[in-house]
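K.L.:
Okay, here's what each chain looks like letter by letter:
Number of protein chains: 2
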Amino acid sequence: MYYEAVSQCTRVLGNIGTWLDKAEKHAAAKTFDVNILMTNRLAPDMKPFIYQVQSACDYVKAAAAWLSGQVPPKHEDNEQTIGDTRARIQKTVAFAESVSGAQYAGASDRKVSLLSASGKQLGGKDYLLQIAIPNVYFHVAIAYAILRHNGVDIGKMDFLGPVNWIDP
Amino acid sequence: MYYEAVSQCTRVLGNIGTWLDKAEKHAAAKTFDVNILMTNRLAPDMKPFIYQVQSACDYVKAAAAWLSGQVPPKHEDNEQTIGDTRARIQKTVAFAESVSGAQYAGASDRKVSLLSASGKQLGGKDYLLQIAIPNVYFHVAIAYAILRHNGVDIGKMDFLGPVNWIDP
Chain A
1 MYYEAVSQCT RVLGNIGTWL DKAEKHAAAK TFDVNILMTN RLAPDMKPFI YQVQSACDYV
61 KAAAAWLSGQ VPPKHEDNEQ TIGDTRARIQ KTVAFAESVS GAQYAGASDR KVSLLSASGK
121 QLGGKDYLLQ IAIPNVYFHV AIAYAILRHN GVDIGKMDFL GPVNWIDP
Chain B
1 MYYEAVSQCT RVLGNIGTWL DKAEKHAAAK TFDVNILMTN RLAPDMKPFI YQVQSACDYV
61 KAAAAWLSGQ VPPKHEDNEQ TIGDTRARIQ KTVAFAESVS GAQYAGASDR KVSLLSASGK
121 QLGGKDYLLQ IAIPNVYFHV AIAYAILRHN GVDIGKMDFL GPVNWIDP
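Residue numbers (the working numbering), protein chains in the order written: chain A, 1 to 168; chain B, 1 to 168.
It cannot be assumed that every hint is accurate.
Since the list gives no way to pick one copy over another, a pair counts as held whenever it fits inside one copy or between any two copies.
List time: in silico DSBU-like cross-link candidates among lysine-lysine, alpha-carbon distance up to 30 Å [as the list claims (entries may be wrong)]:
id	residue 1	residue 2
1	25	125
2	30	111
3	30	74
4	111	156
5	74	25
6	120	25
7	120	156
8	22	111
I should point out that these hints are in silico values taken from the structure, not numbers from a laboratory.
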């Protein structure tokens, strides 16, 4: 389940690429610079769009790494444009997809330390369910909300992406 | 994992109770009717706060039911006030918590039909990972964003709720 759960988070992160395509179309139609959306926020004391994407990326990257017994690669938070944002997502997806299902063996027995929680540890399952998944979806959904609030024509299906329906 | 995953979704849904407490404090401090927030939306063509909560509730309820071999109980969407909203959450949490870990046995072998997808089916694992979890977090995060956008003093920790840190 760990492999599939992280893979699903990775796919949802990748869906942001479609939203960025639609953001570009929206900006072109309204003749504004699409990068204005990259620094937009839902509240003055909330973080902007690029941060939401960076953070979602970091939670996906960390989940793929820690649950497969690796130290997450370092990705600098230096994105400024929509192009940078796409590249950050692609780099994260490439790393997450480089981890095979077999590498997640024993994930539930791993102890994960969070740098942001001053060395506190939690078990692999709690890390996946209480930290990784909620944080990925939180930041992806807030990124979605920023674009949607600004008129970008995205919908729930763009959030969810493809579903593995069973062929009848 | 199914039991724990649905339990975590249920806890996150329950966290909204804390946000509603803070919404009431905010409304009292600013002397406006807190129910104004219940119909607020992030965009004119997005659904309001109460709908976001109803929808999150329905995805939690459906996951707890379908994955344990039950038909979800019907909950009418007739909430109008913050009190109604609290009651809807409590009713949903009570149902989800009524399902024991043992009842999720064989969840991955179940086929789930979605009414909203004209009878299409998907397997238990895909239903959990591609429909239930993403939709619960989507609607909970949008509900959070509506309150946050309106100045309610909630933060990421209110979204995540308690984490099972390992005692040192």
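K.L.:
Are the hints correct? Go through all of them and say.
P.N.:
Cross-check of the supplied hints:
1. 25 <-> 125: Answer is neither; intra-copy 40 Å and inter-copy 35 Å both fail.
2. 30 <-> 111: Neither way: residue 30 and residue 111 sit 49 Å apart in one copy and 45 Å across, limit 30 Å.
3. 30 <-> 74: neither (37 Å within a copy, 44 Å between copies)
4. 111 <-> 156: between (35 Å within a copy, 23 Å between copies)
5. 74 <-> 25: Answer is neither: 32 Å inside a copy and 41 Å across each miss the 30 Å cutoff.
6. 120 <-> 25: For residue 120 and residue 25, neither the intra-copy (44 Å) nor the inter-copy (32 Å) Cα distance is at most 30 Å.
7. 120 <-> 156: between (36 Å within a copy, 18 Å between copies)
8. 22 <-> 111: Intra 40 Å, inter 34 Å, cutoff 30 Å: neither.
When each numbered hint is compared with the structure, violations occur for hints 1, 2, 3, 5, 6, 8.
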